[in-house]
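**Q** Knowing the structure of chain Z, use the given hints to seat chain B on it.
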Amino acid sequence: EDQVTQSPEALRLQEGESSSLNCSYTVSGLRGLFWYRQDPGKGPEFLFTLYSAGEEKEKERLKATLTKKESFLHITAPKPEDSATYLCAVITQGGSEKLVFGKGTKLTVNP
Amino acid sequence: DAGVIQSPRHEVTEMGQEVTLRCKPISGHNSLFWYRQTMMRGLELLIYFNNNVPIDDSGMPEDRFSAKMPNASFSTLKIQPSEPRDSAVYFCASSFRGGGRNIQYFGAGTRLSVL
Chain Z
7 EDQVTQSPEA LRLQEGESSS LNCSYTVSGL RGLFWYRQDP GKGPEFLFTL
57 YSAGEEKEKE RLKATLTKKE SFLHITAPKP EDSATYLCAV ITQGGSEKLV
107 FGKGTKLTVN P
Chain B
10 DAGVIQSPRH EVTEMGQEVT LRCKPISGHN SLFWYRQTMM RGLELLIYFN
60 NNVPIDDSGM PEDRFSAKMP NASFSTLKIQ PSEPRDSAVY FCASSFRGGG
110 RNIQYFGAGT RLSVL
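Quick mapping for you: the protein sequence lines, in order, are chains Z and B.
Read the first sequence against our numbering and you will find it ends at 117, with the numbers running on by one and no gaps.
Read the second sequence against our numbering and you will find it ends at 124, with the numbers running on by one and no gaps.
Accuracy of the hints is not assured; some may be wrong.
What the hints assert, rightly or not - Partial list, computed: chain Z residues near chain B (C-beta under 8 Å): (1) Gly49; (2) Pro50; (3) Phe78; (4) Ser102; (5) Glu103; (6) Lys104; (7) Lys109; (8) Lys112.
Unchecked claim - Taking beta-carbon pairs under 8 Å as the criterion, some of the chain Z residues facing chain B (in silico): (9) Lys48; (10) Leu53; (11) Leu56; (12) Ile97; (13) Gly110; (14) Thr114.
For the record, the hints were derived by calculation from the structure and aren't laboratory data.
For clarity, every value in this text was computed on a predicted model and none was experimentally measured.
Heads up, the beta-carbon is just placed ideally off N, CA and C, and yes, glycines get one too.
This is chain Z alone, in the form it adopts within the complex:
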């Protein structure tokens, strides 16, 4: 069974304190890995897709990386507005469009 595990469950940072979130996956064959951001009371918002090991994507203070077993979301010099839950999901080989989500990391950035 395909599984996605995110760690830590919750992370508190001071403004400007860089850190990383982890997403490890066990799948039959990876077709793509997705990062979403979810704010309270809202739906997940797409951030990045990674397709192959070694690939990196950046957006403002966020950088996502991918290996054969895990992905990291690096947050550089975070600001309070980066506070949110970050969700990781995978789509596997074959024709299915099904996304399997991890339970997320709740990030709080204090000013």
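**A** What follows is chain B alone, placed relative to chain Z:
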């Protein structure tokens, strides 16, 4: 584009009542997904459609749940009869299948409370 539109945003009902959730996907998208989010289980896929045809309904919890997509711009998720354990946030998402990107865009969700 207005994005994925879900209604209602909040629904409070009593056990045993029928509940219908609605979704309008992004125009031009050909795949539509229904998810349920709870603290315990996170975000789980219930069912998805491609070109209005149900493709994978393995996540539908039981026969009390049903989903339809009568046309490319509208879908419903129905629970009949509803139970307190159905209380959750239900999300609809849509994507364009083609070109290999498979990016799903989510609506704001419907928060369902069954008393």
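**Q** So, for every hint listed, does it hold in this structure?
**A** Evaluation of the provided hints:
Evaluation of the Gly49(Z) hint against chain B yields a held restraint, the C-beta minimum of about 3 Å falling below 8 Å. Nearest Cβ of chain B to the Cβ of Pro50(Z): about 5 Å, under the 8 Å cut. The hint holds. A hinted interface residue such as Phe78(Z) counts as satisfied when its beta carbon comes closer than 8 Å to some beta carbon of chain B; here the least separation is about 20 Å, so the hint is violated. With 8 Å as the threshold, the beta carbon of Ser102(Z) comes within range of chain B, its nearest partner Cβ sitting at about 6 Å, so the hint holds.
With a cut of 8 Å, the hint placing Glu103(Z) at the interface with chain B holds, because the nearest CB-to-CB distance is about 6 Å. For Lys104(Z), the interface hint holds, the least distance from its beta-carbon to any beta-carbon of chain B being 6 Å, beneath 8 Å. Look at Lys109(Z): its Cβ gets to within about 4 Å of chain B, closer than 8 Å, so that hint holds up. Taking 8 Å as the C-beta cut-off, the interface hint given for Lys112(Z) is violated, the closest approach to chain B being about 11 Å.
Hint status for Lys48(Z) relative to chain B: holds, with the closest Cβ pair at about 6 Å, below 8 Å. With a cut of 8 Å, the hint placing Leu53(Z) at the interface with chain B is violated, because the nearest CB-to-CB distance is about 10 Å. Checking Leu56(Z) against chain B by beta carbon gives a least distance of about 12 Å; that is not within 8 Å, so the hint is violated. Here the hint on Ile97(Z) is kept, as its CB sits about 6 Å from the closest CB of chain B, short of 8 Å.
Evaluation of the Gly110(Z) hint against chain B yields a held restraint, the C-beta minimum of about 7 Å falling below 8 Å. Interface hint at Thr114(Z): violated, since its Cβ lies 17 Å from the closest Cβ of chain B, which is beyond the 8 Å cut-off.
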